Amino acid sequence: MEFIYYFGDVFTPVNFLLLLVGTIGGLILGATPGLSPTMAVALLIPFTFHLEAVSGLILLGAAYTSTVAGGAVSAILLKIPGAPANIATTLDGHTMAKKGEGARALQLSFLASAVGGIFGVLLLIFLTPLLAKWALAFGPSHLFWLAILGVTIIGSLDSASVVKGLLSGCIGLWLATIGFDDIMGAQRFIFHSSLGGGINIIAALIGLFAIPQVLTMFAKGRRNDNIEVIEVKKHAIGDAVRELFSRKRALAIGTAVGSFIGLIPGVGGQIAGLVAYDQTKKFSPEREEFGTGHSEGVIAAESANNAMVGPSLVPLLTLSIPGSPTAAVLLGGLLIHGIFPGTDLFDNHPEVAWTFINSMLIGQVLMCLFGLYIAGLAARVAQVPQSVMAAVVLGLSVFGAYSVQSSMGDVYVMAALGVMMFFLERFGFSAAPLVLGLILGPIAEANFIQGSMIANATDGLGSYFFSGGLNLILIAVVIASIIYSVMMELRQNRAQTVGVEA
Amino acid sequence: MNRAQHIIPSGIVFFVGVWIAWVSFTQQPSEAFLFPRLISASFVALSGWTFLKALLGWSKIGSGISRQMAVNLAPGLVVALLYVFWLAKALGFYTATALAFFVLLSLYDPAPHDNLKTWSKRGIITACFIAVMYGVFGLLLKVYTPREILF
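So the protein lines, in turn, are chains A and B. Heads up, the first sequence is in the numbering used here, so the first residue is 1 and it goes up one at a time. Heads up, the second sequence is in the numbering used here, so the first residue is 1 and it goes up one at a time.
Worth flagging that the hints you see were computed from the coordinates, not collected in a lab. Incorrect hints may appear among the rest.
[To be verified] Calculated lysine-lysine pairs in the DSS-like style (CA-CA distance at most 25 Å, straight line):
no.: 1; chain 1: A; residue 1: K98; chain 2: A; residue 2: K79
no.: 2; chain 1: B; residue 1: K89; chain 2: A; residue 2: K220
no.: 3; chain 1: A; residue 1: K133; chain 2: A; residue 2: K282
no.: 4; chain 1: A; residue 1: K234; chain 2: A; residue 2: K99
no.: 5; chain 1: B; residue 1: K121; chain 2: A; residue 2: K220
no.: 6; chain 1: A; residue 1: K79; chain 2: A; residue 2: K234
[What the hints assert, rightly or not] Facing chain A, from chain B, some residues (calculated, C-beta under 8 Å):
no.: 7; residue: E31
no.: 8; residue: L82
no.: 9; residue: F85
Remember, predicted model here, so these are calculated numbers, not experimental data. Even for Gly, the Cβ is constructed at its ideal location relative to N, Cα and C.
Based on the provided sequences and hints, a complete structural model is requested.
Given below as structure tokens:
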């Protein structure tokens, strides 16, 4: 119950103001098609660099929570999911809006998001200390395998092609080695003066997540999207609250599915929303009405994608394995303040860890309150032309990358990585494992070197890294995640071939 | 997406992998390259397999770049690269950003180019954006940017 002592810290003027800014800004950014939660959080990181660690994390956490919920606004009113996590919301939410029930759909979506989100954060509060204590038993070999597991699990589960996902992870791990070696001080892969200090994580995060989206908007050309916003008529909030709790089954399934999926690294909100929608439909006596504007569809999808947020941070805060690409960006936000997840975080910086987690709990309530009031405004922002959006994101990326160290080198690195990632994505590579490789690379290398030294003084490298229960379990999970993903990919290819032949 | 679109990028990635492996296994001190050697071995194996698949025509993942997409992308990419790699330092951040922002807006704005009102609107949006950027980065965060050419 340690977290209770740090509730007051959320309400200091600066922290609470940042929580409000993150929540409102996140809702608006989330509602904007083309701006993913990961990109929104990546663009905010340079601002947190100038803040205290806890204040910065509060801003990032609030933005993470509310961008996921804000995506429902454009999903319901414009039929464009603000983020992949909101795809399932579109199915019934937009139909409800077209029937003149837009306000009801929005109210249900924000209320369900808040219930799911609060449950998810409570899971985070109660599971994290247990896992963090367990992590105390980890030695260098285990931490090395954990870092490799983080890269391979996202590389294999988050990518359309397992080999390209793992290759993206390798590219990230290699990028992390650029610069001067920590132990010998030797130069490694410094082929341009901008790389002398290694690759700055913030510049890399901005480049890898924001620039590909800018270029994707350019690639669409001078297109007039003519997005039509459906007018929102008034609906009593009390009725929405009563309806939410009368749809307990959808709420429970959505929350449970989202929480469970959030705990699995690499699976993400899109899957959570779709699986919850599908399961609720299966268990509902009114399953025929799904897709025609049934409120259970909205409740299940939205409670699931927000319930996922808290649990996706459990492996991050305890074992340094981000549960989602956005969690990987949050890890970058922790590392730039010199804070490492796991026991270091809870033993040496409990005020940072618990204030951040508590702020996410309060943030869920604020997100619900503000979401209901600014949904209309957010939908208008979603109509901003892609040309403006692309130019704004490009300008913000350049200033954001530069502001961290006042270095033009960081701007060049950001742009080069961004352009490279845009082309790699077009050919089936994925940014998430690359980012994880970049972030977890130094952790993997430090523990590999430390482990090698211990191994040389004891039983040798093979015996140190490949024996012992925990090592074998971690290796088995690495292999199992790859085999599972390969099998899924083969099955998908076979299904596509059969479909083409048919 | 044709076979060449798979072969070229996977070939480049394979070439990079081989280069990393060569550097890792030839540079000294060897202790500093222990971890890069481990990565480069996996890198070469995975990129080699991807390249081989592309050569044999087995690659299916990825949507590639169509001719129309390349035509749409090219002007924006050129302006963005000029802005980042040359103008930002040569003209100063705010001047270069204003210029790049206005050009990109004009290039991709679907509104007609023969209307004075449209051009004024673009000018106002650019001015507002620069004002916000100056407020946030110049005044609030006190980020010192390269000297401006105009002021």
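Do the hints match the structure? See the list:
1. Straight-line distance between C-alpha atoms of K98(A) and K79(A) comes to about 10 Å, which keeps the hinted pair within the 25 Å bound.
2. Proximity of K89(B) to K220(A) is assessed by CA-CA distance (about 29 Å); at most 25 Å being required, the pair is judged violated.
3. A hinted pair counts as satisfied when its Cα atoms are at most 25 Å apart, and K133(A) with K282(A) does not qualify at roughly 39 Å.
4. In summary, the hint linking K234(A) to K99(A) is supported, as the alpha carbons are separated by about 13 Å, within the 25 Å threshold.
5. Note on K121(B) and K220(A): the hinted pairing holds, with a Cα-Cα distance of about 22 Å set against a maximum of 25 Å.
6. Straight-line distance between C-alpha atoms of K79(A) and K234(A) comes to about 20 Å, which keeps the hinted pair within the 25 Å bound.
7. Hint status for E31(B) relative to chain A: holds, with the closest Cβ pair at about 6 Å, below 8 Å.
8. Below 8 Å, beta-carbon pairs count as interface contacts, and L82(B) has none with chain A, the closest being about 11 Å; its hint is therefore violated.
9. With 8 Å as the threshold, the beta carbon of F85(B) comes within range of chain A, its nearest partner Cβ sitting at about 7 Å, so the hint holds.
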